[in-house]
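So the protein lines, in turn, are chains A and B. Mind the numbering: the first sequence is residues 1 to 421 in the numbering used here, read in order. Mind the numbering: the second sequence is residues 1001 to 1298 in the numbering used here, read in order.
For the record, the hints were derived by calculation from the structure and aren't laboratory data. Note that CB positions come from ideal geometry on N, CA and C, so glycine has one too. Hints should not be assumed to be uniformly reliable.
Below, a list of computed lysine-lysine pairs in the BS3-like style, where the Cα atoms sit at most 27 Å apart [claimed, not checked]: (1) B/1268 x B/1224; (2) A/17 x B/1089; (3) A/19 x B/1089; (4) B/1224 x B/1256; (5) B/1206 x A/407.
Residues from chain B shown here face chain A by an in silico Cβ test under 7 Å; the list is partial [stated by the list, open to error]: (6) 1052; (7) 1079; (8) 1096.
The following label-pair restraints were derived from C-beta to C-beta distances [as the list claims (entries may be wrong)]: (9) B/1066 x A/22: 32 to 38 Å; (10) B/1010 x A/392: 22 to 28 Å; (11) A/323 x B/1014: 24 to 30 Å; (12) B/1066 x A/197: 49 to 55 Å.
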Amino acid sequence: MRKLRLIIKREYLTRIKTKGFIIGTILVPLIGLAFCLLIIFLVNHKPTHSMRLVIVDNSGTLAQPITQGLDAKLENGQPEFNIVQTVLRPASPDAVQQDLRARINSEKIDAYLWIPRDPKDSFELHMRNPDNFSLIGPLSGAVDQAVISARLSERGVHLDDIKAVLHGNDLKLMKVSDAGEAEEKGQSIGIAIALVVLLYTALLMYGIITMRSVLEEKTTRTMEVLISAVPPFELLTGKILGVAAAAFTQFAVWMISTALLFTYGALAAMGMGGTAMSGVHVPISLVLYATIFFIGGYFLYSSMFAAIGAACSNEQDAQQLQWIAMAPLVFCMVIYSMVLNDPTSTASVVLSEIPFFAPVLMALRISLQTPPAWQIALSLFLLLATTVGTIWASAKIYRVGILMYGKRPSLVEMFRWLRYS
Amino acid sequence: MDAITLENVTKSYDSVTAVSGINLHVRQGAILGLLGPNGAGKTTTIRMIMNILVPDEGSIQVLGQPVSDNTRDLIGYLPEERGLYPRMKVREIIIFLAALHGLTEAEADRRAKEWLETLGLDEWSEKKLIDLSKGMQQKVQFITAVIHKPPLVILDEPFSGLDPVNAATVEEIMIDMRASGSTIVLSTHRMEQVERMCDSICLIDKGHKLLDGDLRAIKQSYGKNTLHIEFTGSDAFLKHPAILSMTRLGNGVEAKLKPGADPQEILKAAVQENVSIIRFELLEPSLNEIFIDRTSRA
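In isolation and in its complexed conformation, chain A is listed as follows:
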């Protein structure tokens, strides 16, 4: 135990002192923060000054209702659209167009709206920057409303009557769970996807770190000195636990900073007029289950990655062999949307019972809709049994592999190593 503690301690301290670790730990929350702020900014971004607009109305009737529809105000109280001029039925349309283009180019106006003679033809909005969505949206709405209103009037119907008739009602989604029911705001899908990405990334990232760490001891030839002091199994265990401790540290930093970010980020978002970030609620039972499945999956995958690192003598060989451990994880990422769509289908249930997929897919199912207890228990049992078996096999491969240099072993050879004493 003393030796194991020393191995874990060294591995942990080495990991957390690397530049990559420090940068990753600090940078990831900062990037997350920047990303959130960018989204909030884009969602809430409103122009700060009015759009100077000229309306050219060849029909002679639509300019007025459209102008009425463009009554939105900016945050600073200015109108969103400033109708500089309305030209009704111009005698020489081409000359007017030329003049307006010149005015846009000299920045006297921002845009002009061209209303065709026949409202069935296309309306045109001429501007320098035709991808300014925040302006095109309201303008297009006003045009639609004016045209529809005109058509309805022709048939003797008033637009407001239609609106009153067609006014539907919201369908409120309520999620029923053991804890009672609560209004569903599309959170569980968001949480489920975040969970899948988180589990996948963590299992893959720290698995590969474990593999590299084993490989480093081989390539630097430190291995033989180490196993002259520590039995290989203790060395393997210490390595996996040391990386796990570093992973836990990194995750703790990320979680705490994310929590802070959500608290302050939500405040910031509300300050900017958004409420999208507030009120995200992660059930504690989900956190518990996800943690248990993550720990099982962590040992399963880390030991596989460690065995691969031990079997190879250089980085290239390891990259060629690491697909063995990566394939099931990548498969989870490919298939998860199927489980997301129908978590109770036979395929979803079966896949989530398979130990190599369970850490991601069972956690996903639990986050969506709590499966029957026996399914969770069976999945967990199979996962633990497979993890123990995999650790045993990995330890065998590790013990033989750490002293083998040269050609990368084939899978058949690695299988044969399992029988070595």
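For chain A, the structure is supplied; the task is to place chain B on it using the hints.
Just chain B now, with coordinates in the frame of chain A:
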């Protein structure tokens, strides 16, 4: 009680037999030279003594105990394939490995300081290993093998990469360790070092033991059948029929005589050829000679 006992030890990898039925007893407080050509099975034998490999057949005992994870701490090991964490500081890595061998960190720290001073590395203790020269790294590795004062030390090519001054220091340390009761297994290809330091030798080739025992007794058993001749002039007299084989040295030859041959005949032949003799001595064969003789015969 022997320091090491090997009984009928056999180890094969798939189709290759690396070690075949080796018996060996290493006396406590002695320096044993473990000799053999490349690929003879020396490293496999050492790894089995370290419990890094498990023999297919036979048994191994270290200081009276069957090898196990617990006997690891009785042994200090300098492997042939050397290397330590390149980005760790010299002092840290010595303390880490010493602690793994059971020392407290405070004790490890104290001894590390002493050793670094002895080997002239005290100024480098806070440097990363990667910043040291190959010879200095070698010395650090040597410290990690002996810092826990193990009763048994196994050194695989300890002098490779060391300059003559450092090699002499390491040699002195080894002699001191023997004086204080440690047993040392020295695996090397440098025969002159073995002749100077070892009490006994074990010669293996292709997994089989060819020869083992007290070095002096082995040499005596060969008898005085080797002529060391230093001379100036023509070497035509060396074609004398009494000479079985010879090795040219820098300033002369080492000639092995046919059984029953009279060395005086060769001296006469040399005088007749007007060769001026500087040295003409009848000796036991050198270890180098014995090594070549035995491994080429097998």
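Right, here's what the structure says about each hint:
For the suggested pair residue 1268 of chain B and residue 1224 of chain B, the alpha carbons sit about 19 Å apart, so the restraint of at most 27 Å is met. Note on residue 17 of chain A and residue 1089 of chain B: the hinted pairing holds, with a Cα-Cα distance of about 13 Å set against a maximum of 27 Å. Between residue 19 of chain A and residue 1089 of chain B the alpha-carbon distance is near 16 Å, which keeps this suggested pair within the 27 Å criterion. With a C-alpha separation of about 9 Å, the suggested pair residue 1224 of chain B and residue 1256 of chain B falls inside the 27 Å cut-off, and the hint holds.
The straight-line distance between the Cα atoms of residue 1206 of chain B and residue 407 of chain A is roughly 23 Å, inside the 27 Å bound, and the hint therefore holds. Restraint check, residue 1052 of chain B versus chain A: the minimum CB separation of about 5 Å is within 7 Å; hint holds. For residue 1079 of chain B, the interface hint holds, since its Cβ comes within 7 Å of a Cβ in chain A; the closest pair sits about 4 Å apart. For residue 1096 of chain B, the interface hint holds, since its Cβ comes within 7 Å of a Cβ in chain A; the closest pair sits about 6 Å apart.
As the Cβ distance of residue 1066 of chain B to residue 22 of chain A is approximately 47 Å, the hint placing it in 32 to 38 Å is violated. Look at residue 1010 of chain B against residue 392 of chain A: about 26 Å separates their beta carbons, and that is inside 22 to 28 Å. Checking the proposed 24 to 30 Å range against residue 323 of chain A and residue 1014 of chain B shows it holds: the Cβ atoms sit about 26 Å from each other. Between residue 1066 of chain B and residue 197 of chain A, the C-beta spacing of about 52 Å keeps the proposed range 49 to 55 Å intact.
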